[in-house]
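Participant: The task is simple: from the sequences and hints, build the whole structure.
Chains G and D are the protein sequences, given in the same order.
Under the working numbering, the first residue of the first sequence carries the number 1, and numbering increases by one thereafter.
Under the working numbering, the first residue of the second sequence carries the number 1, and numbering increases by one thereafter.
These are calculated hints, taken from the structure and not from any lab test.
Ideal placement from N, C-alpha and C gives every residue a C-beta, glycine not left out.
This list has only true hints and no planted wrong ones.
Quick look at which bits of chain D chain G covers, simulated, 3 or more residues with Cβ under 8 Å:
#1 51-58
#2 68-74
#3 79-88
#4 99-105
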Amino acid sequence: MSSTDRRTVRDLRALRRARRLGDTEWFDIAYRVYLFAFGGLIAVVVLSDAVGEVVDDDVTTDQVLAKGPAVLGLVVMAAIAIGLRGGSEGGPVALEAADVRHLLMSPVDRRMALLRPVAQRMRSVAFGLALGAGVIGQLVARELEGSRGSWAAAGALYGATVGALYVAAAMIAHAARLPRWVATAIGVAGFGWQAAAAWSVLADDGRRDAITGPLDAVGGIGMWGIRSEPSEIVALLVVALVSLAAVELGGGLRIERLARRADLVSQLKFAATIQDLRTVVLLRRQLRSEVLRTRPWGARQPRPVPSVAATPSAARPTRDPATATPGSLVHRRGFASLRRLPGARLWRIVLLAALAGILASLTVTNSPLFVVGVVGVTFLLGLECVEPLSQEIDRPSLTDGVPLDRGWIYSHHLVASGALVAAASIAGAAAATAIEPAHAAGAFALAVPVALAGAIGAVVATVRDAPQPAIVRETTLIGQSRNADSPLVPPEFAGMKSAYGSFMPVVMSGVAAIPVLAMRAEPTAGTAVRTSIAVTLALILLVVWVQRRDRWSIGLRRFVEEGRRQTKAAT
Amino acid sequence: MTEPAIRTAELEKAYFGVPALDPIDLEVPEGQRVTLIGHNGSGKTTLLRILAGTLESTGGGATVMGHPIGSSDARATLSFLTDQPVFYDDLTVWEHLEYVARLHHTVDWEEHAVDLLDRFGISDRADDLPATFSRGLKQKAAIAIAFVRPFDVVLVDEPFVGLDRAGREALLELFDDAHADGATLVVATHELSSADRADRLLALREGALIFDGRPDAADLPDLVG
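Facilitator: Structure follows, in structure tokens:
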């Protein structure tokens, strides 16, 4: 890129930055950063104390030093594998659509044009992971030798390394145009090798036949709280060099992928800004180019169009009002939808279910805080499984074109999704059993209730996206037009209302926590039965809400309007 | 021998294994004005996007003014006006014009920009943000941005969408002027009324080139039917 081009791009970015920041007071920003840092520090300290022990009493510092590098190397390898796959799908950089259209379509050197966005991406990922790993480092430090500060610093350095390698792997996969299957194969092979190393080290009782993992040295950076090896210093230098080289690969990024990503990421950022979790999930699927299967699972060949002779009546079909509307029609449509889920999505469903099972097991045996993970993961599992309902909700004009109650259709869509959640929960039970074989009975008994309870929030999030009935849509409860300048809630509460609306579904998935926490407190068959009944009641309430939501909204609106009319008549 | 403005060799594209463009061999000489027609899904946009370098072909290759598509030299010589205008949210029309013109090292771009804004009747909106415009105004701004920089080849996809009568006439006049200046134009459109202004008509159907000849020799309704 010539100096003229560089100046042009720099001028534009400066202009846009100035416009974006506008009249922002730097003092105000500094004050917010200070508040955030102060609040974050207090939260870390308080939560650290609440978490309790994260390392078993019988684990010594020497054991952590011996086994930690291979285990932490596994996390690094997972990040690289995810990065490789992300890069093969067009990651890790997300540009603005206008940058792709105007900047990258001009004859400027793309490497130079992309240098800054790539570096920014690497910086932000590395910083985020450094922060997270630093917090974990100081958590671990309480039970090991060495100071809290040194473990936190080592954790932060390790986190930054993981972040840099994730972005570097994605850049390399993208620039090298690795097909997705190749990226996946490399990632799986690397992960398998490192997993074998970690497993052999964990199982090793002082023997010398442990497998050496390819990323043991990188994982060892996390141990710098009390010791460092020369090989780890070399590994850090290699990571730095690879990261720098990856940043320079911007010129090789594919404009088709960048353009596609630009469109989706702008929507994704908007959805994230308004805390629309469901839209975030939907857009992430699109980012991964995840499309439903053209041929359903189990179908050997496309179903042929029946060869029926055309008759005059075929041009204008007739209706028989006496024909009952079977719910099975909606169920069949739902199962047909599930048969088109792509393999990647099915794998994700199984992995999420397994993760939920592991977290549930850890909740029972370790810290109750793991239950937060159970709730979050089962919520995501539900979002992955509600495809038929999601398809219906996102096409309201099709639903409203049918002479049936919307709620009735929505509630019948829950059957297929519920069946998929229930089937997936077996993976959760199996994973929980693998972690703690003594939990097998409880795990298999409660897997379905926990998974279905977690999906409650997903159903609520999806159904809330359905358009409201016209009478409710057009005016607020106090009778003002939705477009009126004065909203129902004061502006001071608008953010709180938005956050409430966004996170309420996740909170409702909290029903999944009931059986898990109950089993932690009293692991008996009676507890399992009682909590299953509680979950069943919650599910019944959910179905009733889905069926009658519109009717309740209209009833409330009419009640309020009637009251207003009476008041007006009286005065 | 002079290199054609556009040359494709066995250029093809498939989406998820479904063919969108059958192998196409094409040569468009410099200065030719081409109209590209076809029904929805026939492959017009796919062909233009591949030539512009925003879409990767799954087979074959192409050059623009002798340069491989997507290369820096090809980008310098080719202007692409898409059917979906894209703007920075925080830049005015004038700032867009300045930015694009400077990226292409355009001489005396201000005079040219003023002329373009005048032609499309949006001079009074030059200091407004195009992201807030109506569909038609956005299209006018996008046309101005596409034509404010130097080019030898212009690829245009559905340019009349959203334009009012005055805008359509201004655009056709702009095409005439660019053509008279020796630029090569390829315009994909459903507007058959403007097809006879072209030197050459290409018709696509289900990804295959089904007609390549003079517009007056074509049965237009049949080609897009």
